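S.K.: Spelled out from the first residue to the last, the chains are:
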Amino acid sequence: MTAVDEWHVSDHELERYVNHTIPTFARASVESHLLECDRCRGELTSVHPRPVRASAADEVWARIADRIDVAARPLRSSTTVLQVSTSSPLLILATLAVALGVITSVAIASAAAPRASLPLFVMLAPLAPVIGAVLAFQTGIDPAGQLAAATPLASGRLSFLRALSSCGLSLVAVAVSSVFVPVGLDDVAVWLLPGLALTALVVAISTWVDPSRVALGLVGGWVVAVSVWSWGPRSQSVRLDLGDFAAERRSVQLALIGVTICSAVVAFVRRNELPVWRSR
Amino acid sequence: MSGAAVIELTSLSKRYGSTPAVDGLDWSGGRGVIGLLGPNGAGKSTLLRMLATVLAQDSGAIRVFGLDPAVADERLAIRRRLGYLPQEAGLYRNFTAYELVDYVAVLKEITNRPSRRDEVRRVLADVGLTDDMHRRIRTLSAGMQRRVALAAALLGHPDLLVLDEPSAGLDPDQRLRLRTVLSDVGQRATVVLSTHQTDEVAAFCQRVLVLDRGRLLFDGAPRDLAGRAADRVWVSDAPDAGALRSWVTGDGDIRNIGMPPPGASVVEPTLDDGYLLIATEDGART
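Chains A and W are the protein sequences, given in the same order. Counting the first sequence from 1 gives a position; the numbering used here is that position plus 37. Counting the second sequence from 1 gives a position; the numbering used here is that position plus 5.
None of these hints come from the bench; they were simulated from the model. Each hint should be verified, as a subset may be incorrect.
As the list claims (entries may be wrong) - Listed next, the stretches of chain W that the computed footprint assigns to chain A, with coverage defined by at least 3 CB atoms under 8 Å from CB atoms of chain A:
| no. | stretch |
| --- | --- |
| 1 | 65 to 71 |
| 2 | 236 to 250 |
To be verified - Here are a few chain W residues that face chain A, going by a calculated C-beta distance under 10 Å:
| no. | residue |
| --- | --- |
| 3 | 101 |
| 4 | 223 |
| 5 | 226 |
Said to hold, decoys possible - Which residues of chain W face chain A? A few of them, derived with a C-beta cut under 10 Å, are:
| no. | residue |
| --- | --- |
| 6 | 81 |
| 7 | 167 |
| 8 | 178 |
| 9 | 191 |
| 10 | 192 |
Owing to the predicted nature of the structure, the values given are computational and were not obtained by experimental measurement. The C-beta atom is built at its ideal place from N, Cα and C for all residues, glycine as well.
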């Protein structure tokens with residue numbers, strides 16, 4: 038810095054530079070000097086002090102926000118969760134699309150072959166929350182995923198929160214849509230419990246391996262199991278009986294609830310272990 | 006540059022298929038602003054993504070603050086002290102600038118709402134977006150959107166700031182502001198940024214690394230990079246056949262780098278000259 042030591046930008050010129058009132062040619066000259074001169078850069082900082090004071094309207098709004106914040110303190114953590122888990126509109130749309138796809142398939146099958154509609158519903162309905170949860174783990178589903186990738190919550194908790202909201206949304210969508218198929222609310226256990234158990238398993242195992250692969254394996258297994266149960270060689274004798282399953286197969290229901298709770302605990306304990314956020 | 010090593014790389018390598026992106030890099034660095042220079046495909050973004058804990062290496066080791074990003078708990082500890090601006094920072098176009106930065110603040114575990122609000126306003130002021138903070142992202146220019154992403158990276162006073170081409174899309178006024186902000190941050194933290202602009206490196210980087218094809222060609226002060234081309238740059242009226250590189254300057258002269266012939270008008274080298282000489286000599290060797 039030898040040449041620049043002999044001349045410095047005056048305070049007046051700096052002010053004009055900051056206020057964009059300096060002629061273009063002089064602006065270029067001032068800028069090239071600023072790039073070389075520590076002293077004038079320091080002066081520039083004092084001419085344009087930071088942080089910039091918020092406007093009066095912003096201050097008023099900030100005070101209002103504070104009041105609301107105090108009133109809503111008990112809800113604070115849940116609103117944070119909500120903000121994070123619903124921040125990907127694409128994920129919400131994709132989840133709804135999957136749920137509607139499931140119900141549409143069942144409705145079409147129901148019209149074509151009424152006897153097939155029930156097993157098909159039991160086969161497909163639990164898949165909606167599973168697919169919704171898997172979608173939540175895809176970094177590409179989030180437009181701001183790159184920006185979020187290196188934050189502490191992206192270590193797994195962000196995906197888990199999204200998987201939770203996506204799973205919940207698809208369950209609601211399927212439940213609402215189920216009025217169009219011959220499954221009553223009393224029989225909700227027949228698809229809801231397997232759906233929850235499969236989803237929780239996918240989320241838990243995804244702390245070790247890619248959730249897409251886990252889901253593919255579990256979903257494949259579920260489809261084969263329901264197919265064999267409903268249409269296999271012994272289907273007449275062990276025909277899926279909704280009433281029997283929902284009302285009397287308590288052991289099966291408890292087992293599914295147990296799988297769900299255990300998987301949720303594993304996922305919580307290993308919430309920072311998600312490998313998918315570190316691509317290879 | 007001072008203090009203990011914040012970043013330590015040991016034989017760090019990363020390949021995409023058969024192409025090496027980072028090739029056996031050994032390096033360590035502490036506080037200050039560190040500039041990465043290199044052509045497209047040099048491995049700058051890959052290296053920055055590995056430093057930002059979002060990409061795993063194939064072999065070798067990375068330590069950031071002495072912690073290993075491959076270990077989940079240590080990765081989390083690094084991310085709590087990290088700010089990262091990716092090259093392609095997508096944004097929610099329907100959010101306002103404030104909402105977007107506030108959302109990233111939530112992801113950065115700034116859960117106390119009054120503190121978060123103050124912090125969001127601080128970083129938006131730092132990047133000159135105070136007056137535009139309540140505008141929707143989709144109504145902002147590309148340069149302003151870039152500044153929103155930069156504001157998100159600055160949240161929480163990170164001890165390590167990893168910036169992939171932070172000045173891309175910024176006009177000269179915004180670039181100047183960026184330099185002032187990053188110089189301030191560099192006083193207390195480590196800033197690693199990639200750029201194509203040597204003037205940027207000259208203006209505020211204390212250390213410069215030149216990368217090409219994943220290998221480190223130079224590591225030192227910017228003035229030393231220019232010094233590499235001392236007595237190796239000359240001007241002439243026509244391209245010199247003996248020069249490694251020749252190009253026409255703005256005033257119509259031909260600038261040459263290489264071994265000047267006897268009687269050549271040797272001139273003072275610039276950072277560009279040093280960078281081009283190193284890159285060209287390396288290209289000729291391999």
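S.K.: Classify the hint on residue 178 of chain W as holds or violated, based on whether any CB of chain A lies nearer than 10 Å to its CB.
M.R.: Holds. Min distance 8 Å.
S.K.: Let me know if the C-beta of residue 223 of chain W comes in closer than 10 Å to any C-beta of chain A, holds or violated.
M.R.: 22 Å, violated
S.K.: The hint names residue 226 of chain W as touching chain A; please verify it with the least Cβ-Cβ distance against 10 Å.
M.R.: 14 Å, violated
S.K.: Three residues minimum, CB to CB under 8 Å: does the stretch 65 to 71 of chain W make the cut for coverage by chain A? Let me know.
M.R.: violated (count 0)
S.K.: Quick one, is the residue 101 of chain W hint okay against chain A at 10 Å, beta carbons?
M.R.: At 13 Å from the nearest chain A Cβ, residue 101 of chain W fails the 10 Å test, so the hint is violated.
S.K.: For the stretch 236 to 250 of chain W, does the count of residues with a C-beta closer than 8 Å to a C-beta of chain A reach 3?
M.R.: violated (count 0)
S.K.: With a cut-off of 10 Å on the beta carbons, see whether residue 192 of chain W makes it to chain A.
M.R.: This hint is violated: residue 192 of chain W lies away from chain A, its Cβ roughly 12 Å from the closest one there, beyond 10 Å.
S.K.: With a cut-off of 10 Å, does the beta carbon of residue 81 of chain W approach a beta carbon of chain A closely enough for the hint to hold?
M.R.: Holds, about 5 Å.
S.K.: Under the criterion of a CB-CB separation shorter than 10 Å, is residue 191 of chain W in contact with chain A as hinted?
M.R.: Result: violated, 13 Å to nearest chain A Cβ.
S.K.: With a cut-off of 10 Å, does the beta carbon of residue 167 of chain W approach a beta carbon of chain A closely enough for the hint to hold?
M.R.: Residue 167 of chain W check passes; min Cβ-Cβ to chain A is 8 Å, inside 10 Å.
The structure does not agree with the numbered hints 1, 2, 3, 4, 5, 9 and 10 stated previously, though it agrees with the rest.
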